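Visitor: Sequence:
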Amino acid sequence: MKPLLAIKKENVDLEKQVNRLNNLFNISNSIKLVLLFLFLGSTTQIIAQDRLPFDQGKVYILKKVSVTGKISYNEQTVTTFAGLEKGQKITVPGEEISNSIKKLWKLGLFNDVNFYVDAIEGDSISLELNINELPKLKEVKIIGVKKSAIETLIKDNGLTPEKIVNENLITTTKFYIENKYKKDGFYNTKVNIVTSEDATDTNHVNMVVNVDKGDKVKIGKIIIDGNSQLTDGKIRRAMKNTKQKSPLHLFKASKYIKEKYKEDLVSVVDKYKENGYRDARIVSDSVSYDKEKKSLLVKLNIEEGNKYYFGDIKFLGNTVYNDQLLAQILGIKKGDVYNGVLLQKRIADNSKPDGEDLTNLYQNNGYLFSSINPVEVATANDTIDMEIRVTEGPLAYFNKISVVGNDKTNDKVIYRELHTKPGDVYSKETLVRTIREIGQLGFFDAEAIKPDFENVDPAAGTVDIKYNLVEKGASQIELQGGYGGGGFIGTLGLSFNNFSIANIFKKDSYKPLPMGDGQKLSLRLQGSTYFQTYSFSFSEPWFGGKKPIQFSSSISYSKQYSNNYISNRVDRSKSFNIFTASVGLAKRLQVPDNYFVLSHAVSYQHYDLNNYNVGLFTFGDGTSRNLAYTIGLSRNNKGTNPIFPMYGSEFSVSAKMTLPYSLINGIDYGNLANLKEYKRRLTSNSGITPIPNNSGYIAQEGDLLTYGTNTATPSQTGYMQVPEDQFQNADADQAKVDQKKFNWLEYYKIKFKAEWYTKIWDQLVLRSLGEFGFMGAYNSERGIVPFERFYLGGDGLANYSMDGRETIQLRGYPNNSLTPIVTEGSRAGEQIGATVYNKFSLELRYPITLKQAASIYALTFVEAGAAYKDFKEYNPFALKRSAGVGLRVFMPAFGLLGIDFGHGFDSITPNGPKNGWETHFIIGQQF
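Residues in the sequence shown are numbered consecutively from 0, following numbering that gives the first Met the number 0.
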């Protein structure tokens, strides 16, 4: 038997294994030193030497370390891990061996570490390092939960193949799963984890996780004792996240979550403080499980104390701002009921980064190092005197500004949006504004934007700011297919929202496309058997690269053929073509403030009708041109997340107008119907069968016509020939008249839109919206053009439109169903579009998740609106009303998707039944 030096691992205070890993892991509890000297001679004698003190070891030269045991690493790697090398001096026993053991244990790869003396030759020593690797995970099986939850549990706990299986992994996995289901109301969740050796793979184990969720446990009752000033109901309402079972709690489950419960106990005390009871406290609380009712019983014992009022309030230490200004912002006067919560909010409102409080007053004007502390200085009976002690500190300046995390987006795109500039006086308001501007870019996860304060130096009065960003997918793909209008309709759309046109000719930039300059490029193709639409657009937010002037341009082409929706036959001899081009500039203003944007755009549309007599217009052959100029003024300070804004507003007013051609071309549009060239004539494709006139003559092709009754016996009614010298008696050809009227479109259009985002509670946000549109004509005889009108009702999706119409969303009604129609004549029932509309909407939104991969929020809405043929019929109070619920999902690759269920309370037609429920699918609309 060879001489032995056994040095086993120190106690690492690991929890005891709760399963069969005990059979795998044999761990020693102390460092042992055993020196046995075996002497062989003519007389066999064994002399045992007592254990040497740790500090009395002998120094040797390390000759060799042999590695044995269950291990997959090579000998050199393990020796390096241990911090040992051939030729070094070591003391046996001593610190070197002890440190090596500690190093190996810290790796977390081994379950047993032993050193043995292999041989001693003079001052040289050879050691044997016997170690066993911890087993690795082969397979994991989770029992007792839904299949959809298994993958999440495996991912969250990192239970991947080849994962080192140790006691810590088992303990943390057990703890995580139990707490996860307890948060969902499964208060009695138990988890048992069993591991077993894998028969096919050495040093691998299989893991079985048994989850017993038990029954979901809810809070059956919250009992409150000791309260007389606040009712049980007020106290329970103060507990926002801990509710007892009630049919009224639709949005808050009555489940018990310990962390939320503790927060609610603080909220109860705060509720008392809001009402003057400064000394209120919860003397005791308990949560017990009722096995019979299978529910939890919560008991609170409250001591309310006396009601207090504010006395004298004095400000100390303030030199920058006078007492009057500070008192005005504080908004609390002598004699007011004591409200500790309000006092704290007026000092520093942590729930609103841009709140109007004393701390922001100082920090928005450079006093980063200021501190404001309210101190109670005297209490007499029920009155509390306060001192607001202000330490202003020196002015602070931004020093170094840096950005990290932008792996795709170029630095210049971000830095040009920063309002925090090196050398500028520190301002919290500017910092918040910068966070908003970065979020509005749409290239980063708005919820993850985090400014870090670094090198904060009160002596120098400087601070460094580092913005931590997380890139998200900025490009979107739209791929749709559906059956509509008697045929298949396919759509392919590509939007690149962080494009770089400067790198378009650089091969290395295609990953898969040149990205990073913040430009937007989109392509869209849509088509079926009877129409095709092609569009392209490009925008540069910083045209020229020096100022925030956005350049935008677009071009599109559409072609539609006549389609019989009953027979699905397409007539390609009847076509309607539209060519559209536009270019615009939008400049960020500095006055009244730099949230304002002034925009200009010029657009041109060319409408070409070829034998297109399908009722869309009064003429089937000819052209119309629409050259228009649009000017708009908008202000947008919504923030921070463009997908789910939680504060701010957006206002916009715009005017779109054409040239007043009728004022300069000298045409009397009111007299067109009386001119010979605009009279009706018989054509081969008119479909008219003429009757004899009073002279017995039957009209031939090219003759003038009038509609009437002749004097023949018996008399006939129909179209009759009119002599050329009596053309005044011929009927006007409305198609020719309208072709002349609308050869160059003439109109003006005014639109206004306002929306506010108000945080109601937590992340519950109210979106309030109002909008108005009006379209008018310069010349009453020329009239309002049939193009560019408003169509109200439905989901608001325009799909394709042939006449430049604007589709306005009003849920709860079919698409375009609230648009004016022709009430008489041959075109009765046809929609003609509105020239005036207004709409109002209130929408409550609450996020389910705002993660980078997908943002999801639920909503409920009420809205009302109406559209009118002309301003004479306009009545802002005669509105069509609706209400409903919906869901929105935003994924970076696909944009916004959603569904709404709306109930229309009013009739579409006069005196008809209310419309009832409608389902709307939302694709790619504004947020």
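If you are wondering where the hints come from, they were derived from the structure by calculation, not from laboratory data. Nothing here was measured: the structure is a model prediction, and the numbers come from that model. The C-beta atom is built at its ideal place from N, Cα and C for all residues, glycine as well. Please note that the accuracy of each hint is not assured.
Unchecked claim - Calculated lysine to aspartate or glutamate pairs in the EDC-like style (CA-CA distance at most 20 Å, straight line): (1) Lys62 <-> Glu74; (2) Lys173 <-> Glu150; (3) Lys270 <-> Asp200; (4) Lys351 <-> Glu428.
As the list claims (entries may be wrong) - Derived DEER-like restraints, expressed as beta-carbon distance ranges: (5) Ser648 <-> Gly472: 35 to 43 Å; (6) Tyr414 <-> Asp197: 52 to 60 Å; (7) Lys239 <-> Ser648: 53 to 61 Å; (8) Phe174 <-> Ala852: 22 to 30 Å; (9) Phe650 <-> Asp384: 41 to 49 Å; (10) Val424 <-> Val601: 15 to 23 Å; (11) Pro352 <-> Lys69: 35 to 43 Å; (12) Lys313 <-> Ser648: 36 to 44 Å; (13) Trp760 <-> Phe537: 38 to 46 Å; (14) Gln323 <-> Ser552: 49 to 57 Å; (15) Ser370 <-> Phe535: 36 to 44 Å.
Visitor: Each hint should be assessed against the structure and marked as holding or not.
Guide: Do the hints match the structure? See the list:
no.	hint	result
1	Lys62 <-> Glu74	holds (14 Å)
2	Lys173 <-> Glu150	holds (16 Å)
3	Lys270 <-> Asp200	violated (62 Å)
4	Lys351 <-> Glu428	holds (11 Å)
5	Ser648 <-> Gly472: 35 to 43 Å	violated (28 Å)
6	Tyr414 <-> Asp197: 52 to 60 Å	holds (55 Å)
7	Lys239 <-> Ser648: 53 to 61 Å	violated (27 Å)
8	Phe174 <-> Ala852: 22 to 30 Å	holds (26 Å)
9	Phe650 <-> Asp384: 41 to 49 Å	holds (45 Å)
10	Val424 <-> Val601: 15 to 23 Å	violated (42 Å)
11	Pro352 <-> Lys69: 35 to 43 Å	violated (57 Å)
12	Lys313 <-> Ser648: 36 to 44 Å	holds (37 Å)
13	Trp760 <-> Phe537: 38 to 46 Å	holds (42 Å)
14	Gln323 <-> Ser552: 49 to 57 Å	holds (54 Å)
15	Ser370 <-> Phe535: 36 to 44 Å	violated (56 Å)
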